[in-house]
Each structure stands twice: as C-alpha cells, then as structure tokens.
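J.: With chain A's structure known, arrange chain B on it following the hints.
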Amino acid sequence: MKKYISPFICGFGAAVLQVVPLIKSFSCCLIIPFAAFISLSLDQKANKNYSNILMSKAFVFGIIIGLTSAIFSTFFDILITAITKQNDLITTLPELYKMIENFPLDQMVKKEVITLFENVKNDLISYGFSWFYTITIFLNNVLVNTTFGVVGSLISASILNNRNKNLE
Amino acid sequence: MSLKFRIVIFVLLTLWLFGIFYEWFIPVDHYLSITYPIIKRTYSLVCHQDSHKLIEFNNHKTLVCSRCTGIYIGAFLISLVFLFKVHFTLPSLKIFILVTLITLFDVLSTTFGLYDYTKIIAFTTGLFLGSIAFLYFYFGMKQFIDELNKDRI
Numbered sequence: 001m002k003k004y005i006s007p008f009i010c011g012f013g014a015a016v017l018q019v020v021p022l023i024k025s026f027s028c029c030l031i032i033p034f035a036a037f038i039s040l041s042l043d044q045k046a047n048k049n050y051s052n053i054l055m056s057k058a059f060v061f062g063i064i065i066g067l068t069s070a071i072f073s074t075f076f077d078i079l080i081t082a083i084t085k086q087n088d089l090i091t092t093l094p095e096l097y098k099m100i101e102n103f104p105l106d107q108m109v110k111k112e113v114i115t116l117f118e119n120v121k122n123d124l125i126s127y128g129f130s131w132f133y134t135i136t137i138f139l140n141n142v143l144v145n146t147t148f149g150v151v152g153s154l155i156s157a158s159i160l161n162n163r164n165k166n167l168e
Numbered sequence: 001m002s003l004k005f006r007i008v009i010f011v012l013l014t015l016w017l018f019g020i021f022y023e024w025f026i027p028v029d030h031y032l033s034i035t036y037p038i039i040k041r042t043y044s045l046v047c048h049q050d051s052h053k054l055i056e057f058n059n060h061k062t063l064v065c066s067r068c069t070g071i072y073i074g075a076f077l078i079s080l081v082f083l084f085k086v087h088f089t090l091p092s093l094k095i096f097i098l099v100t101l102i103t104l105f106d107v108l109s110t111t112f113g114l115y116d117y118t119k120i121i122a123f124t125t126g127l128f129l130g131s132i133a134f135l136y137f138y139f140g141m142k143q144f145i146d147e148l149n150k151d152r153i
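Chains as they are written, first to last, in UniProt numbering: chain A, 1 to 168; chain B, 1 to 153.
Chain B with its partners taken away, still in its complex shape:
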C-alpha cells in the first residue's frame, strides 16, 4: 500500500482517537465544550459509556470504555508502525481467534461476576484485539486497493 494511503489511515485513526480523549482537551481549549454533547452522542453509538469503565484523568473521562480505548489505541499504534514498515505477514487466524476468546472470556467473566472488572485487564485485552484486527483490516484494505488498481489497468 502506498505511503499516501497509510498516512490517510493514520490521520483518520488519530482524529478518531482525538474524539475519544475529547473531554481531556477541553481545559486546553474551552470552546471544544460547545460540540461536546454531539461528540459524546457519536461515541455512544459504538460504546455503552458506563461511567465506572471509562478512563479518567484530571476529572476528565474518555468517551469510550477502557476496552474500546485499548482497541483503538492498539489499531493506532500498529498504523503508526506501518508508516515506516511496508512488508508484513498476516498473523495466523488461530492468534486472532485466541485473542478474541480471551477478550470474550473477560467480558463474560466480569458481566457474570466471576471476577471484578479492572480497567487494566479490559484495556490490555482491547489493545491486543485492536492490534490484530487492524492487521486484518490493513491486509483487506491493501487487497481492495490492488483490486481497484487492477480494474483501472
């Protein structure tokens, strides 16, 4: 995939991540609070936003839960790596399934009270899931662009 596309993906993910930490930036620019309710509503479409599961810093919370924050940071970090690294091998499906099962196990265990919800575990499982999912997305996107280029020729 060309550098142009990798930069576009990286910039879009950065913007999405900025939205997650939107509340944290309000003390920097107070006028961000005008659009805050709309941004919060947008992120409510992709996360339950349970207040005790949000990451808090200086009395300001993320707009998605710890697990979702982990997923998006994982994807963001891998997209950052791909700005400099072009060639990669797709991780085996077994790894993807394993990471998904670990995440699912944590979700079910905390929901049914097998153990208490901890932000660190939720964030870590999300981080791994986001990283692996991004690799699969990147591979799909690369193939999609190749198909488009082939059609043009």
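Pulled out of the complex, with its shape left as it was, chain A reads as follows:
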C-alpha cells in the first residue's frame, strides 16, 4: 500500500483543484495528467530510483489517480451542493432550456427532457441532494478521470524515461 501513496495524494490534490473554478478555467484538461506526472516524479524521488519506469506501474498509478480524484471530486461536489443548495447544473439550466427549445424536436420529447431536469433541480434546491445527479456525476468522474489518469501516466512515464535516458 505504501508504494502507492503518491498517486493517492496526487489524486486527492487533483480532486481539490477540480472544484476550484479559477484553476479549472486555467488548466483545462491538464489537471489529472499533471497529477500523474507529479506522482511518478515523487515516486522516483522517494525511492531514489531513476531507472526506467515500467508502463504497467504507470498504468496502475493512472488508475489510482483517476479513481481517487473521481471519488473525492464527487464527494466535494455533493458536499458543496448539500451546503449551498446551488451548483453548476442549476445555474446553467436556463441556458440549457433555451437551447433545447431551439432544437427542432417534438414538443413531447422537449417536455420530457425539461421535466427530468426540473425534477433534479427541485431536488437539489429543496434537499441539496439528487440521486440522479449523484450517480451521473460519479459515473462521469470515474470514466473521464480514469481515462485521463491512464493517458497522463503513460505520457508522463514516457517523458520521464526519455529525460532519464538523456541524463545518462
């Protein structure tokens, strides 16, 4: 377990950064890959082992970073929503409705989509919690963060191996 401490810490760090709006707009999709790079570098420094990183190890690091950040960012999102009874979804819903209204769809389908999101919005405003919202963001976070974690880890391991080769 101790050998995976750095991806856990970096995954947690990434989850914290993912809920800070200014940092999010600045770093775009690079938070998780950057966390992967930092975790692999930290692992090398902690073990004082600068030999080639095995890609299977990088892959596991990526999975851990992705899952850790997904769990914590979902938790932070739910916590903030429960306290403030306000979140991104609620603020962007009017814009979304306007957009859906402009789509050339059946009135019934439009009504169904809007009703679904109205129910979620009402749950969030009334109770600060919605099962549909929670499950959706958790699945989203797991899928996206794990993919970006693995891709970022493999890129980072290639960079670090390349750097170490140049240093030799």
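Simulated from the structure, these hints should not be mistaken for lab results. Where hints are given, some of them may not hold.
[Unchecked claim] Ranges between beta-carbon positions, derived for each pair:
1) Thr-118/B x Lys-85/A: 36 to 42 Å
2) Ile-83/A x Trp-16/B: 29 to 35 Å
3) Asn-119/A x Glu-56/B: 29 to 35 Å
4) Ile-97/B x Gln-44/A: 17 to 23 Å
5) Leu-104/B x Thr-134/A: 34 to 40 Å
6) Leu-15/B x Thr-134/A: 24 to 30 Å
7) Phe-10/B x Leu-143/A: 17 to 23 Å
8) Pro-21/A x Gly-113/B: 16 to 22 Å
9) Phe-21/B x Lys-85/A: 33 to 39 Å
Small disclaimer: the values here were computed from a predicted structure and weren't measured. C-beta: ideal position from N, C-alpha, C; glycine also.
T.: For chain B alone, kept in the frame of chain A given last:
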C-alpha cells in the same frame, strides 16, 4: 503495436471527437438532444467551456474550447496516420517542452491581456501539443503492451 490496438485507439478517439462536435450533429438526428445535457456535463470535467472560446458552426458550438479541440484533433490525426504507418521515432523531449511552453505562453498572455484570445492561435497551439503528446502516449502504450506480452510468455 498490432493493428487491432491501433484501430481500438483510433475508434476511441473518434468517439471522443464525436462527443466534442455532438451539438453539430443534433440537426442531423434531433433525438441526440435528449442526452445532450449529460454529454455537455461530461466534457465540462475536462474543459472550462467558456462560450466565447468555443468553435461555432451554424449556431452550434463545440463542447470544449478551441485549444482543447486542437489537442484532440491533433491526437486524432496522428492516430489516423498510425493506422497505416507502424514505425516511428519518438520526437525529442526538447520539442515536447518547446510546444508546451508555446501553449503555456499563449494561455498566460491571453489570460493577463498581453494580447487578445484568438481561436486560430489557440487551436494551432493545441493541435501541435495534442500531436506530440499522442506520440508520447503511443510510445508508452506500445511499451505497456510489450510488457504484458512478455509477462504472458
């Protein structure tokens, strides 16, 4: 890397790219709009989605900014090349660092108002970064598959 894996990577990138242009396809199939809010939320995890930075066509916008669109199109184009080309040399780390610094310079300059944000520059810097990053990813993936095959033997 075998053709099977290269096709898998190419198909996954194509699906990801389809999601980016999801809104553009809604006039083709109106029922895509039912899942539109969820798809938009998924892409909001990887991009700020500032409306003035999105690429617009026929009143429909991409779900990620110009720079991110460039990154993914760059990766997609290189994955397309690798469907036909097997051997390649990994570009030097200096090139990767240079492209990253140019992208970072553009991000910082537009953020702090040194010059105005232009979609073309953002897209181009993203395109180069995505292409180089994909080469490093491809190299890592190839090594990963080799390691798995070695373990099996």
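J.: Look at each hint and say if it fits the structure.
T.: Results of checking the hints against the structure:
With their beta carbons about 39 Å apart, Thr-118/B and Lys-85/A fall inside the hinted range of 36 to 42 Å. Range check, Ile-83/A to Trp-16/B: about 34 Å between beta-carbon atoms, so the 29 to 35 Å window is met. In this structure, Asn-119/A and Glu-56/B meet the distance hint of 29 to 35 Å, their C-beta atoms being roughly 31 Å apart. Checked against the given bound of 17 to 23 Å, the beta carbons of Ile-97/B and Gln-44/A, roughly 18 Å apart, stay inside it.
Checked against the given bound of 34 to 40 Å, the beta carbons of Leu-104/B and Thr-134/A, roughly 35 Å apart, stay inside it. Taking 24 to 30 Å as the suggested C-beta distance range, the pair Leu-15/B and Thr-134/A conforms, at roughly 25 Å. At roughly 19 Å, the beta-carbon separation of Phe-10/B and Leu-143/A lies within the given 17 to 23 Å, and the hint holds. Between Pro-21/A and Gly-113/B the C-beta distance comes to about 19 Å, which sits within the given range of 16 to 22 Å.
Remark: the range hint 33 to 39 Å for Phe-21/B to Lys-85/A is upheld by a beta-carbon distance near 34 Å.
Hint compliance for this structure: every hint is met.
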